[in-house]
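Student: Each chain is listed here by its residues.
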Amino acid sequence: MTIVDWFSCGSLLFGAFFFLAGTVGMLRFPDVFTRLHALTKADNLGLGLVVFGLALQADTWVVVARLFLVWGLIMLASTTCCHLVAQAALRAGISPWRSPK
Amino acid sequence: MNELVLCVALFLLLNVAAGLIRVWLGPTAPDRMLAAMLFGTTGAAILLLLAEGLSMPSLRDVAIVAALLASISTVVFVRRWPISSSQD
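Just so you know, the protein sequences line up as chains D and C, in that order.
Using numbering that gives the first Met the number 0, you'd call the opening residue of the first sequence number 0 and step up by one each time.
Using numbering that gives the first Met the number 0, you'd call the opening residue of the second sequence number 0 and step up by one each time.
Just so you know, these hints were derived from the structure itself, not from any lab.
C-beta atoms are modelled at their ideal positions from N, C-alpha and C, and glycine is treated no differently.
Hints are supplied without guarantee of correctness; some may be wrong.
As the list claims (entries may be wrong) - So the derived list for chain C, only partly shown, Cβ under 10 Å to chain D, looks like this:
| no. | residue |
| --- | --- |
| 1 | 39 |
| 2 | 40 |
| 3 | 51 |
| 4 | 78 |
Taking the hints into account, I'd like the entire structure generated from these sequences.
Tutor: Here you go:
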C-alpha cells in the first residue's frame, strides 16, 4: 500500500466513525432540535471524509469533481432542510428541550 | 482496498437500519422524518462507496438523485405537516 492508500483508508474509517456518531446522536438526544443538530452536522462531516477518501483513489479529475459536487449538493440541501424542519416543529408548538433541574 | 470500501458501505447500511428505531419510537412526526433525512445523506455515501467498490461509475449519478429526492421529500413534508393534523 502506498501512502495515499493509507490516507484514503484513514479518511474512510474516520468518515464511518462520524456517521456512527450522527446515528447515535439521533437515537440518544432528547428532542427533535438536538437530533437535527446531530444528524445534519455529524453526518455531513462523515460524508465529507468519505468523499475525500474516495477522491484520493479516483482515477480522473472528472470523478473527483463529481464526488465533491455530491458533497456540496448534500451540504446545501441538508442545511436548508434542517432549518425548514426546525422551523416547522417550532411553529407546531414543540418546545425545545431543557435540562431538568 | 475494495474490501475496506465495501465494509464501510455495509457499516453505513447498518447505521441506516439503526436509524429506523427512531421511526418506530417517534414520538413526533418530524422525529420520524429525520430517519428519511439520515437515509438521504447516508444513502448517498453508500452509493458513492459502491460506485468505487463495485466499479460502477453510474452509481455516482444515482447518489446525486437520491440526495435530491431526500431533500425534496423533506420540503414536501414541511409544507404539508402542520395542516393535516396538529400532533403526529
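Student: Could you run down the list of hints and mark each one as holding or not?
Tutor: Hints, one by one, checked against the model:
no., hint, result
1, 39, "holds, 7 Å"
2, 40, "holds, 4 Å"
3, 51, "holds, 5 Å"
4, 78, "holds, 9 Å"
In summary, the structure agrees with every hint in the numbered list given earlier.
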